[in-house]
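Make the full structure from the sequences, and use the hints.
There are 6 protein chains.
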Amino acid sequence: MGEYTHFDADGRPTLVDVGDKSVTKRTALAEGWLYLPEEIFHTVSQGAVKKGDPLRIAELGGIMGAKRTPELIPLCHNIRLDNVKVRCDLDGEKKAVKITCEASANEVTGVEMEALTGVSAAALTFYDMCKGIDKGMVIKDIRLLSKTGGKSGEWVAEKGYGK
Amino acid sequence: MGEYTHFDADGRPTLVDVGDKSVTKRTALAEGWLYLPEEIFHTVSQGAVKKGDPLRIAELGGIMGAKRTPELIPLCHNIRLDNVKVRCDLDGEKKAVKITCEASANEVTGVEMEALTGVSAAALTFYDMCKGIDKGMVIKDIRLLSKTGGKSGEWVAEKGYGK
Amino acid sequence: MGEYTHFDADGRPTLVDVGDKSVTKRTALAEGWLYLPEEIFHTVSQGAVKKGDPLRIAELGGIMGAKRTPELIPLCHNIRLDNVKVRCDLDGEKKAVKITCEASANEVTGVEMEALTGVSAAALTFYDMCKGIDKGMVIKDIRLLSKTGGKSGEWVAEKGYGK
Amino acid sequence: MGEYTHFDADGRPTLVDVGDKSVTKRTALAEGWLYLPEEIFHTVSQGAVKKGDPLRIAELGGIMGAKRTPELIPLCHNIRLDNVKVRCDLDGEKKAVKITCEASANEVTGVEMEALTGVSAAALTFYDMCKGIDKGMVIKDIRLLSKTGGKSGEWVAEKGYGK
Amino acid sequence: MGEYTHFDADGRPTLVDVGDKSVTKRTALAEGWLYLPEEIFHTVSQGAVKKGDPLRIAELGGIMGAKRTPELIPLCHNIRLDNVKVRCDLDGEKKAVKITCEASANEVTGVEMEALTGVSAAALTFYDMCKGIDKGMVIKDIRLLSKTGGKSGEWVAEKGYGK
Amino acid sequence: MGEYTHFDADGRPTLVDVGDKSVTKRTALAEGWLYLPEEIFHTVSQGAVKKGDPLRIAELGGIMGAKRTPELIPLCHNIRLDNVKVRCDLDGEKKAVKITCEASANEVTGVEMEALTGVSAAALTFYDMCKGIDKGMVIKDIRLLSKTGGKSGEWVAEKGYGK
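Chains as they are written, first to last, in UniProt numbering: chain D, 1 to 163; chain E, 1 to 163; chain F, 1 to 163; chain U, 1 to 163; chain B, 1 to 163; chain L, 1 to 163.
Where hints are given, some of them may not hold.
Partner residues are not named here, just some residues of chain D that face chain L (Cβ under 7 Å, in silico) [unchecked claim]:
{"no.": "1", "residue": "E59"}
{"no.": "2", "residue": "L60"}
{"no.": "3", "residue": "R80"}
{"no.": "4", "residue": "D82"}
{"no.": "5", "residue": "N83"}
{"no.": "6", "residue": "V84"}
Please keep in mind that the hints were generated in silico from the structure rather than gathered at the bench. All values reported here derive from a predicted model rather than from experimental measurement. Cβ coordinates follow ideal geometry from the N, Cα and C atoms, glycine included.
So this is what it looks like as structure tokens:
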């Protein structure tokens with residue numbers, strides 16, 4: 001059964017003590033979407049080659065955001081990430097940017113927050129670059145798809161989850 | 001007509017030059033939702049008083065995140081925020097945390113990114129604190145509701161927007 | 001016999017080379033006090049439940065401060081903390097907030113600075129939240145109570161120490 | 001009469017809205033002490049010239065700490081400091097380092113936290129550099145001595161204050 | 001006649017007090033070169049389109065580095081930059097990346113350090129991305145080309161300067 | 001044969017996955033020069049004792065810069081440095097500051113970027129402190145001299161390299 005890991009018995013906020021946890025390979029994969037108004041979708045799909053590519057910069061923003069997770073999230077541990085991979089792709093059907101972030105580490109604690117933060121930072125970076133065209137972008141469905149490693153082992157989002 | 005403000009004519013990433021823009025009062029209001037699995041919703045609505053309150057810590061995480069916006073978003077200016085207000089409230093019908101962030105500044109550039117980053121950071125902070133119970137939370141519909149100030153003046157999201 | 005660990009033979013500031021030190025479990029416990037003018041003491045002891053609780057936010061500020069120690073202290077190493085626990089309690093007799101910070105890590109270097117920084121950051125965070133009532137708060141007696149681990153092993157403050 | 005400036009009517013943590021406050025010249029002066037065990041006091045007073053000077057590095061640590069105040073204190077505004085001056089002097093009678101920090105800004109909000117953080121960071125930096133000799137140093141009596149500017153105007157610590 | 005602006009009369013490190021300086025438009029332009037071994041030069045000039053472009057990422061690294069100047073340089077003020085423009089171009093004759101950074105601000109202090117830091121960060125970012133091919137890159141001739149604004153007004157590097 | 005380590009097959013920027021690399025002792029030594037106009041060279045060589053010493057502060061700035069490498073360089077991993085040693089010495093013949101930075105870590109990835117960033121930050125810190133005298137300083141020839149450890153093992157700059 002789950003538990004609040006970030007409050008002690010008196011209700012104080014606390015880091016979780018990871019001193020007795022084992023170093024294992026941890027991975028996490030998160031996903032999210034940024035829905036684009038027509039004009040932005042059109043401009044990005046056409047204009048990227050000629051005018052610079054917000055998808056690539058959003059990926060970089062996502063990687064850098066994932067690296068900063070412990071500064072952004074008050075009760076996250078400073079860990080050493082082995083890998084962060086952020087992908088931003090246009091989805092022509094949804095008129096949206098599909099964002100995924102895969103993080104991994106050989107560490108005593110999981111990298112779920114790093115993966116979720118990477119997706120969020122990529123979405124915000126893209127929004128920032130295109131808000132001069134239209135502010136009507138919407139970030140949707142940021143969620144964890146799967147994780148591995150640690151005592152709780154593998155976790156996979158339920159099918160249809162988040163809908 | 002809108003434009004890519006963060007690329008120059010050669011496609012290089014660039015800060016927008018705000019040197020000739022006027023200092024005016026700028027505000028922005030953003031909103032987002034964090035959908036909670038049943039057990040988390042139940043625990044937070046019951047247990048908050050006794051065991052510490054993730055809603056209050058998420059609000060604090062949101063404020064601090066908004067302050068860090070220029071570090072997180074590669075092409076955002078460092079500005080001085082006058083105010084950041086983050087609210088996290090349980091919505092019993094949606095089984096979700098409703099998050100709003102209102103930012104304001106007397107500045108040469110807008111505070112939309114600060115408001116959106118505040119919402120994102122609050123959602124991530126809450127997720128982090130409750131992920132020991134269930135990882136099935138989903139961040140949804142982070143979007144700008146309105147902004148005022150600057151050359152482009154007032155902007156309000158269209159009704160039904162983001163659905 | 002003790003030595004200046006942060007200057008080399010020529011008087012240059014330097015990180016201490018920890019490359020040959022062993023990874024062992026390191027802990028440190030530090031303590032400090034924030035003396036409160038009557039009105040603040042009264043308001044905090046009464047009003048916390050209804051109006052938000054500066055003690056909890058100071059604890060959070062302390063944890064986050066401890067995590068930032070290597071950024072704040074020029075010659076501290078970046079380490080990975082396993083745990084940080086900050087407690088802020090009102091002491092009715094002293095009319096003060098008693099602050100403790102316990103830090104631990106499996107690392108090549110000690111966590112004394114993290115514990116002391118956690119106490120300092122908690123004290124400053126509390127001061128900030130209550131300075132609108134009265135600026136006459138005083139931070140007193142921040143000191144290390146004990147540490148364990150590493151080559152120098154256990155250290156306990158002398159009785160009566162710091163008085 | 002004073003008030004909690006960092007909680008709203010519902011008890012939520014909040015930045016204080018400084019949007020309607022006037023830009024005025026703000027100054028603050030804070031003070032603190034770091035009591036030194038005999039061996040450290042002796043070594044610093046003798047050895048500084050030959051082996052590098054922890055007083056100067058502590059001053060630098062204090063200045064840099066003051067600049068980071070809004071990152072360290074959750075509800076502090078990002079402001080632009082005009083000046084930070086940190087002095088660390090040995091006091092032969094008290095066997096202590098006397099630390100003062102003077103901060104100033106033309107801003108909408110005061111610089112008391114910057115002055116207090118500067119003193120704290122200088123004390124911690126000095127502690128770090130000398131802890132290899134003896135961990136029995138104690139930080140004492142960090143307090144605000146005076147401030148000027150803003151709506152509340154001048155404030156001077158009461159005589160005998162903090163004792 | 002010039003002077004050490006960052007030491008006071010006692011030799012203490014200090015921020016320069018900018019409280020009485022006027023807000024004027026400040027600009028600075030800096031330049032530097034990264035000399036490339038043949039294989040890197042060849043790969044970047046050929047391969048950029050297909051495999052991602054280190055020049056664009058170096059420009060982004062330069063912009064972000066310029067924004068972080070006050071964190072990196074101990075005695076720099078936190079200022080609000082209006083604009084940062086970094087250009088990285090291949091110079092076929094020198095087999096080098098030519099890097100320029102132009103910074104501007106309406107501020108009480110100059111932006112020379114921001115321009116120089118932007119060039120340095122761009123060079124380091126490029127180095128990092130290509131060091132897997134050959135570590136024999138060399139950063140050369142980072143210097144200020146010109147600045148305007150402030151009491152000292154316009155400054156232009158002498159012809160032949162830095163050779 | 002070398003390769004672009006920071007782009008994936010699709011040209012996306014990426015951290016290098018270091019999850020399968022071995023922890024070994026890594027060292028790197030970098031060097032650079034800051035050429036000084038006559039007046040600065042004269043003042044620093046004479047005045048240092050009396051008025052504070054920019055060489056020592058530049059060394060400190062270099063150490064702190066090296067610690068911040070992963071924040072400054074977008075695609076660098078957060079690692080734990082064991083040691084950073086920065087030396088700034090006047091070279092009377094060249095009228096320049098010779099800067100070296102030696103970094104080491106027991107890590108899965110190398111410390112070349114940390115050594116190069118330490119040199120760059122020291123040069124910029126020195127420049128900042130002396131720019132009030134003359135802005136005509138030039139940073140020259142920042143390069144890696146040698147590295148050890150990791151799969152690629154030892155690397156030494158070719159003789160005459162960088163000229």
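Could you work out which earlier hints the structure fails to respect and list their numbers in ascending sequence? Hint check: nothing fails, all pass.
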